[in-house]
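Trainee: Chains A and B, in that order, give the protein sequences.
Going by this note's numbering, 258 is the number at position 258 of the first sequence; the sequence numbering is gapless.
Going by this note's numbering, 264 is the number at position 264 of the second sequence; the sequence numbering is gapless.
In silico lysine-lysine, PhoX-like type, Cα no more than 25 Å apart, as pairs:
1) A:148 - A:51
2) A:299 - B:148
3) B:299 - A:148
4) A:148 - A:45
5) B:148 - B:299
6) A:246 - A:121
7) B:148 - B:45
8) A:299 - B:299
9) A:299 - A:148
It should be emphasised that the hints constitute simulated quantities derived from the structure, not laboratory data.
Note that this is a predicted model, so its numbers are computed, not measured.
Number of protein chains: 2
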Amino acid sequence: MNITSRILAPLALLLCLPALAGSPSTPPPKGKDSQSIAQILAESKPWEWRKPNPENLLVMRLPSGRVVMELDPAYAPLHVANIRTLVRERYFDGLAIVRVQDDFVAQWDDPEADDGGDPSKIRSLGKAKATLSPEFTHPISRSLPWVKLPDGDLYAPEVGYSEDFPAARDPARNETWLVHCYGALGVARDDAPDSGNGSALYVVIGQAPRRLDRNLTVVGRVIEGMDRLSTLPRGRGPLGFYAQPKDRTPILNIRVAADLPPAQRPNIEILRTHSPTFHRLLEAARYPDKAFYVTPPGKVDICAVPVPVRQLPKS
Amino acid sequence: MNITSRILAPLALLLCLPALAGSPSTPPPKGKDSQSIAQILAESKPWEWRKPNPENLLVMRLPSGRVVMELDPAYAPLHVANIRTLVRERYFDGLAIVRVQDDFVAQWDDPEADDGGDPSKIRSLGKAKATLSPEFTHPISRSLPWVKLPDGDLYAPEVGYSEDFPAARDPARNETWLVHCYGALGVARDDAPDSGNGSALYVVIGQAPRRLDRNLTVVGRVIEGMDRLSTLPRGRGPLGFYAQPKDRTPILNIRVAADLPPAQRPNIEILRTHSPTFHRLLEAARYPDKAFYVTPPGKVDICAVPVPVRQLPKS
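Turn these sequences into a full structure, and let the hints steer you where they fit.
Mentor: Set out below in structure tokens:
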């Protein structure tokens, strides 16, 4: 039979690149699209990849393994600084993933600070600030890189990549912001815009919730271990909160990679979005494998092509 | 502390409506957005909901419970008929979910028909057809309902809802098609456009892979049990196929709901997309709760508001 395993152009494979990087270098069986993606990446030059600053990497240990996130201090300097302070105070160690809502977000925080918690047991923020000026957007600045995606967007006047994160801009308002794509890391808050302080964080695990753009502070994205969040059991309580404390997933700890012994630091590289290789990937998304696609989309959405990540061998 | 649990407007909650319908009718704590959504739905009229034809419902039994899918024979008559034939021959019983690729799809089929399978053991299609004319698009016809979404779209000249499924149209080409949103059910195929026959099916579990629109036949969508697919362990092989047969999730069986005893049939209703209530939901997505949203998105993407589903009490 001539069916099946071939199928479905796996640009989404890009998010799995850690797996890809660790897997045999032969192209996937009958997978011309991913073959071409793997081939495009295989032809990349070393300079096209950057190694993230370990000060900007958070390593979260769950019982299932680690989740690595890259923070972007250029877009959210106050929030990133506060999160680093919380992490270095070991604020998150022993807290839990308290909410997983299907097609939306996974969120962690201090359960005692949530509804139903015991306010007398709320963990101290220590030296971290309890309120912060919102960083929903940032002034457009020449110091911020901008790789425009010319395909257009439903929600923003302009979209593109900045600091290798999916981003958007409104030149008329002199504002730029990081976009809520799959894997985005954001700061939960209450109604007051300054009520987010980084002690409650969420990761997008479904369709890009673009309505959150400019309303919450995006501080980075997951670059390894995304499926450790996306496969978590969904919460059965309101908003996807777990109905029972026992259903929560404990957070063993969160560390700034720079604070880990070198051998334990993630050895990851991220494809630069101004590189010719990333440009080729976008073009392959617009006009994928002709043998399979009878009607090429011709366009690419800002959240449709995750910026590739690759694992390097342990140094 | 004024942080956290409140957060994040849960329009995505709509996909979880079965859970919502079964949960207490009080609004979620500190969740004004979902409160307003629940409130909008609570104010709906009975006529605004339709009960799907049990001939169009597939009930898949997994070890974790059931997944219910609604088929749309108006858009894919040949494929829906072939799938019903396969189901009634019990073709799928004892097969498996063979592929789960993060942020992309979960797929089931006959593992022996995939790469690495034993061609001599491939299950017979019985009376079902091995090839079918593709139904990637359908001519625009007055008999197909159309609820236009005026917000625009990156990939299609027009988007909207048809038969209460997210859909798109290109009037210049006289074509309409169902869109690959989260939860969409599609027919996997090989390179040949007529090679999809419904014996291999996939469900979208991540960001809407819109590039697949017009290139694969969408036959319906999941209306219950979506998280039984979205939380499955991701495959570690190429394209998210499981590297080991033991990692696959067995399919106990798939039935057409009409063939089940009445007591076992899903008792589900779907909100009509031409209803005032659905219109109100779209408007609430464009202009959500002012107490939280400082910059309302003002637009809504075709995949941003899942069409609500509700569980009725067992009759």
